[in-house]
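Participant: Residue-level listing of the chains:
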Amino acid sequence: MSRTLTVATLFPLATVAAADEANASALVRRGAARDLTVETVTVDRADSFVGADVYLVGGTGRGGVAALVEALTSTDLAARVADGAVVLAVDAGLDAIARSWVDPSGARHQGLGLAPVTVHSAPEVTGTVVTRPDASLDLPALIGWEAHDLRTVREDDARALFTLEVGAGNRTDEAVGETSEGVIAGSVIGTRLHGPLLALNPELADLVLARATQRSEPWPALESPAVERARRERIAEARRTAPKAEWRSRLPGPVAARLRR
Amino acid sequence: MSDARDPLRARLALATGRSAGRLSQALGKGSGSMIGGRLALRVDPQVLRAVAGDRRSVLVTGTNGKSTVTALVAAAITPGGTVVSNTTGANMTDGIVTALSADRTSELAALEVDEVYLEQVARGTRPQAVVVLNSSREYTRGVSLKSTLEHWRRTAAALPDDCVAIVNVDDPLVSWAFETAPRRVGVSGGLYWRGDALICPACGSVQDFTDDSWSCPGCGRSRPAPDWKVVPDGDGWAVEHDGRRTRIEVTVPGRTGPVGGAFALAAADALGVDVAEAAERVSAVADVDGRYAPYRLGDHAARLLMLKNPAGWAEAIDVAVSTERPLVVAVDPFGPKDTATMWEAPFQRLAGQRVAVTGGRTADAVAILDAAGVDVVEAPDIESAVRAHAPGEVIVACNYPAFRRISKQFRGGTH
Chain A
77 MSRTLTVATL FPLATVAAAD EANASALVRR GAARDLTVET VTVDRADSFV GADVYLVGGT
137 GRGGVAALVE ALTSTDLAAR VADGAVVLAV DAGLDAIARS WVDPSGARHQ GLGLAPVTVH
197 SAPEVTGTVV TRPDASLDLP ALIGWEAHDL RTVREDDARA LFTLEVGAGN RTDEAVGETS
257 EGVIAGSVIG TRLHGPLLAL NPELADLVLA RATQRSEPWP ALESPAVERA RRERIAEARR
317 TAPKAEWRSR LPGPVAARLR R
Chain B
5 MSDARDPLRA RLALATGRSA GRLSQALGKG SGSMIGGRLA LRVDPQVLRA VAGDRRSVLV
65 TGTNGKSTVT ALVAAAITPG GTVVSNTTGA NMTDGIVTAL SADRTSELAA LEVDEVYLEQ
125 VARGTRPQAV VVLNSSREYT RGVSLKSTLE HWRRTAAALP DDCVAIVNVD DPLVSWAFET
185 APRRVGVSGG LYWRGDALIC PACGSVQDFT DDSWSCPGCG RSRPAPDWKV VPDGDGWAVE
245 HDGRRTRIEV TVPGRTGPVG GAFALAAADA LGVDVAEAAE RVSAVADVDG RYAPYRLGDH
305 AARLLMLKNP AGWAEAIDVA VSTERPLVVA VDPFGPKDTA TMWEAPFQRL AGQRVAVTGG
365 RTADAVAILD AAGVDVVEAP DIESAVRAHA PGEVIVACNY PAFRRISKQF RGGTH
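Protein chains in written order, with this note's numbering: chain A, 77 to 337; chain B, 5 to 419.
Everything hinted at is true.
SDA-like cross-link-like pairs, simulated, lysine to any residue; straight-line CA separation at most 25 Å:
no.: 1; chain 1: B; residue 1: K312; chain 2: A; residue 2: E309
no.: 2; chain 1: B; residue 1: K312; chain 2: B; residue 2: R415
no.: 3; chain 1: B; residue 1: K341; chain 2: A; residue 2: T202
no.: 4; chain 1: B; residue 1: K341; chain 2: A; residue 2: R316
no.: 5; chain 1: B; residue 1: K150; chain 2: A; residue 2: D225
no.: 6; chain 1: B; residue 1: K233; chain 2: B; residue 2: E244
no.: 7; chain 1: B; residue 1: K341; chain 2: B; residue 2: G377
no.: 8; chain 1: B; residue 1: K341; chain 2: A; residue 2: S256
no.: 9; chain 1: B; residue 1: K341; chain 2: A; residue 2: D225
no.: 10; chain 1: B; residue 1: K150; chain 2: A; residue 2: G139
no.: 11; chain 1: B; residue 1: K150; chain 2: A; residue 2: D179
no.: 12; chain 1: B; residue 1: K341; chain 2: A; residue 2: E200
no.: 13; chain 1: B; residue 1: K312; chain 2: B; residue 2: K412
no.: 14; chain 1: B; residue 1: K341; chain 2: A; residue 2: R227
no.: 15; chain 1: B; residue 1: K341; chain 2: A; residue 2: A302
no.: 16; chain 1: B; residue 1: K341; chain 2: A; residue 2: A223
no.: 17; chain 1: B; residue 1: K341; chain 2: A; residue 2: E313
no.: 18; chain 1: B; residue 1: K312; chain 2: A; residue 2: I311
no.: 19; chain 1: B; residue 1: K150; chain 2: A; residue 2: D123
no.: 20; chain 1: B; residue 1: K341; chain 2: A; residue 2: P199
no.: 21; chain 1: B; residue 1: K233; chain 2: B; residue 2: E284
no.: 22; chain 1: B; residue 1: K150; chain 2: A; residue 2: V117
no.: 23; chain 1: B; residue 1: K150; chain 2: A; residue 2: E200
no.: 24; chain 1: B; residue 1: K150; chain 2: A; residue 2: S124
no.: 25; chain 1: B; residue 1: K312; chain 2: A; residue 2: R305
no.: 26; chain 1: B; residue 1: K341; chain 2: A; residue 2: A198
no.: 27; chain 1: B; residue 1: K341; chain 2: A; residue 2: R105
no.: 28; chain 1: B; residue 1: K150; chain 2: A; residue 2: Q186
no.: 29; chain 1: B; residue 1: K341; chain 2: A; residue 2: A217
no.: 30; chain 1: B; residue 1: K312; chain 2: B; residue 2: R259
no.: 31; chain 1: B; residue 1: K341; chain 2: A; residue 2: S197
no.: 32; chain 1: B; residue 1: K312; chain 2: B; residue 2: P384
no.: 33; chain 1: B; residue 1: K150; chain 2: A; residue 2: A142
no.: 34; chain 1: B; residue 1: K312; chain 2: A; residue 2: G203
no.: 35; chain 1: B; residue 1: K341; chain 2: B; residue 2: P384
no.: 36; chain 1: B; residue 1: K412; chain 2: B; residue 2: D385
If you want the ones that stay clear, here's a sample from chain B, every Cβ over 12 Å from chain A, calculated:
no.: 37; residue: P11
no.: 38; residue: R157
no.: 39; residue: R225
no.: 40; residue: S226
Think of the hints as simulated: they come from the structure by calculation, not from any bench.
Positions of the beta carbon are idealized from the N, C-alpha and C atoms, including for glycine.
Whole structure, please, built from the sequences with the hints as guidance.
Facilitator: See below:
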């Protein structure tokens, strides 16, 4: 029998749009393929907050984060997440649910504290991101896009969501020689990657749906040829252009920032 | 061009800008339409006031449709005198300085203004009319919609007392942002993208929408009655105003054309130009920057549309659906996120219908249309994409680079 899930997109107008809203419809499509009925709702003010199985919060830019934190604080999001609701927080959304974040002036603020990360200023990075396949999360190589000037430090030994083949990611593990991206802690998933991430990467939509339904066994294999082809082309393009981005990222921040203008 | 009456600093600024613009052209770095204005503004931040002088200006702003409506406004106001316009699409303050300094004699100006620069440009030009088309989110600017609306509201409150704000009353965001304007005229301009206007910008309540109107249960705001309205007229369109009906012929497909015409007539009226005469001039506009004139391809005619955000794609989809024309989607690469916004466009309105796809980002477009349940066919080039449909008129919805490439190709060949 088909189970019904509610997916709520939270306060999309508070932040700069980055195509994250298409993540909700991606969950509808992938849900249908997994025999789940997914209903979507957009919450744009605190008193229309609803109980949901999945909360999406995204957008980019640091200008809107304060408003986002304020809006989220006046909802039951923290309680829902404590009860096991999944939250997928992208970029500005991750700042808002972090333990602390920095505003454009560099001042540090309290976030909601749902994601075990602190956010710090760093030189700007933009570009296409390719993740490494991860058997433990049942994920192939995924494609995404990052544009931020932040360093995302995981705390409490929380695991990263991805390791990256191409891209800057959290920028915390230079010494280890691998690039981590985002965070996953229980039902809280945080990342800097726009995309729209779930539309481009249906396997990640599967991960969200699995956490929302407390499913532990892997989903049966499911092909989505059109999306896979688009992703294959993007990954190939990112690999071709990646070395060029590489030498810039080794430069001191201010120099790199000037070169990018 | 400098004028002897310009303040010394403005003259110096213009001289600097002129040499830079020439240098830029000479080096083949572009048309020089921005660099000159940018340097002039560095030397004298007030230079826009000097080059605007005392001519009467109409500013056109909004997220989508600015270039088209600016061209229609420029045509509509010509009975009032000669018109200067920033036809290259350089619509930030620097581009406007360049355009106005290249023509110091025209008595009128029709200026397309980037929505983020409206305050600065309005302060410099002291316009007679400001046309505000619509407001939806942009993905490339790093500016939230909320801050754009607040900036507009501040700008509206500071407009000169004799300036008429000509606003799209069908868009609740525009309506709210310009309710502080000293004089306001409403145009029923349509709303293709409700997604960003679901919540009242004044009080945060969820708005009630009907097919052609909106109201807010929280603060009681509702759609002001429009002063200008587009109505079907026989096989075409007319603009209704003040109990009078003016026939209008615009090549722009769908309702977008006559709606742009209505804004242009309202602007002409605000400048004291005879509306019937303005309508003739607007109807004579065959083409805006190669955008709308149909290109012949044997038994087919292709009409190009250029789209840059979900609201634009929504409008293109609406044109295809409302005119019952088949659709071609042409998308070329211009960066990693070049097709991202298309994921939010309502392609499901075309579910089950055939759409032909072409261009360098075919794989993305196929994925997006396939997810929406569209019957997608791929075509190796634009001609075969158009010919994938039955003979007749075809709407070709392009992103920016595909539009550039295809319109150039069509102009060079079959047009």
